[in-house]
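Please model the complete structure; the sequences and the hints are all you need to start from.
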Amino acid sequence: MKTRVQREGRTHPNLWSITKGERLRYLVATLSSTVSNVCMLGIPLAGMYALDVLIEGDLGEANRFLLGISDVVGANNPFTSYLVVSAVVGIVLTAFAGIFQFSRNRLSAVASEGIARKLREVLFDRLHRAQASFFDKEEIGDLVQRCTSDVETVRRFMHADIDSLARPLLFLAVMVPVLWWRNPTLTLISLALMPIIVLGGIYFFHRVSALFKQTDEAEGRLTAVLQENLTGIRVVQAFAQEPKEFEKFEEANRDFRDRYIRLNAFESVYWGISDFVCMLQTSIVLIAGGYFVMLGELSIGELMMFTMLTGIVIWRIRQMIDFVEHTGKTLVSLRRINHILMAEQELMQPMPETSDVEGKIVFENVSLTYDSHNHQLKEIDLTIEPGETIGIVGRPGSGKSTLIRALLRFYPVANGRILLDGIDIESVDVTWLRQRIACVLQEPFLFSKTIRENLQFGKETAIDAEFEDATRLAAIHSTINALSAKFETRIGERGVNLSGGQRQRMALARALMSRSPILILDDVLSGVDTRTESSILENLSTPQRKVTTIVIAHRLTTIRRVDRIVLMDQGRIVQIGTHEELVSVPGPYRDLCDIQDLLDETIQYETELAAHG
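Take the sequence shown: its position 92, counted from the start at 1, is 97 in my numbering, and no numbers get skipped.
Derived by calculation from the structure, the hints in this document are not laboratory data.
Nothing false has been slipped in among the hints.
Below, computed lysine-lysine pairings styled on BS3-like, alpha-carbon distance capped at 27 Å: (1) K551 <-> K464; (2) K365 <-> K464; (3) K551 <-> K365; (4) K464 <-> K491; (5) K253 <-> K142; (6) K383 <-> K142; (7) K249 <-> K142; (8) K454 <-> K491; (9) K218 <-> K142; (10) K464 <-> K454; (11) K253 <-> K218; (12) K365 <-> K383.
Pairwise CB distance ranges, derived in the manner of DEER restraints: (13) D469 <-> D386: 41 to 51 Å; (14) I104 <-> V501: 47 to 57 Å; (15) T583 <-> H344: 44 to 54 Å; (16) N370 <-> R477: 33 to 43 Å; (17) D280 <-> E302: 28 to 38 Å; (18) V179 <-> R259: 48 to 58 Å; (19) M284 <-> H211: 22 to 32 Å; (20) L29 <-> N370: 49 to 59 Å; (21) V501 <-> E272: 35 to 45 Å.
Because the structure is a prediction, the values reported are computed rather than measured.
Glycine included, each C-beta is placed from N, C-alpha and C at the ideal position.
Take a look at the structure:
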């Protein structure tokens, strides 16, 4: 089943595409902000007229209207009424400015949260469909950082800063003609230092972007160290490596601190200079305006208006500089997010017409390489019949697990092809393929949920009888029943409350829940004793279970009773046959058996010797 992200086609998003569905909100928010700015512009104008009237003592044409107001409010003279009217106008304008600004904030908040949600969904979907090779080169902690902190940076920008450039420009577009109308010379003086502020902002943007990138990368490394240590905390404690790991964390933490201090120092210097320039601009307006008042070319009210509007302009210019800074940080975050979005994805092919699979697997001259130099599989030819149980053995690094990863399409084959019931697996949907293969990987992963919820990962709609059947086959049923909450027991993160063997058997039970026609066991019985291992293998090899089974093992006793054994070495198949056939002829398999028998005898002898003191 496709996710909503896949259905909506949001698989290659950019900042513009993820605003889909929120653009109307942003448009209305920008209009609301514009109206708010116009209202704020009206406050200094109203103040200018009020101050000039009070100083000059001339109401002009407003006298008759204000006399009527005086009768209504019971004022003694029209000037008192004028003050009342001016105050009401100021309050109304302030109220409207606040209402429209609230509307802008509310709309942009809803829109930005929607965008952040979509972006998180897209990232989650892309990570789930990224090729396995992507995760071989990435640190999980850093990926978490990109999906959380970097998305939050984008959200804050989309909420508070998306219209921070438009608002000052719109305000200037309205304000400059008004100021020019009152006094062109003082208008030019009011804007004299603006080019310096703008050019400084451009320089600041280029410098701060690089510093933001370095700081974010340092934070990602710090998160990766923390995540790795929390995941492996018991191993760290078991080997008493706390001091060493603390040094590693301290080094990453110090690097992040130093880079953040460097960023903060640069910002502090820039903002200090910017504040000086802005205050200097205000001082110049006051001095020049006072001079024009002395010449009689400007009234006191107009000087007040120029001073207030210049202050608002400076505030808006500061917002533009904030916008530049936040844009730099957001662009860095977007590049880090795009690193995930640009990761090579698993190909999406059409579903096969049939859902039934017999389980015949054919490797035809298959070669696989993780890079251009190191071949992991070389010219593999192998046919596995439906219902057959195959054991794969070999030294570490011989290509056993890689063979399984190729079958699951974790890695694309370089040459040859793999057929499932005669169908090339590269031509079918990868989800369809994996739904027909139950796999227990070498390092079983369990979720921090109940036993039932972990088992339901194999089959969500399973009934109680299926839980009982799968856990009995995996020889974990008695262990579960011994727990007080049984299937409702929470097993902790990664199954930390279970032993290694119990985790392996729980993962096996989860795989068996799916009742897939193909079962892969990648050295999953190494943590159980030989008696339990024999019981599990006997359960899995009953004639009623017509399942194609591939067992990878280091312990040869695990695979002695399988239908055929495949011995691999350096990415090649060097021997194939039953256990009896392979031990009857000289070769690497018989050598392995002799070595393991010798080791078993040595261990048994030392155990008996220790028991007798």
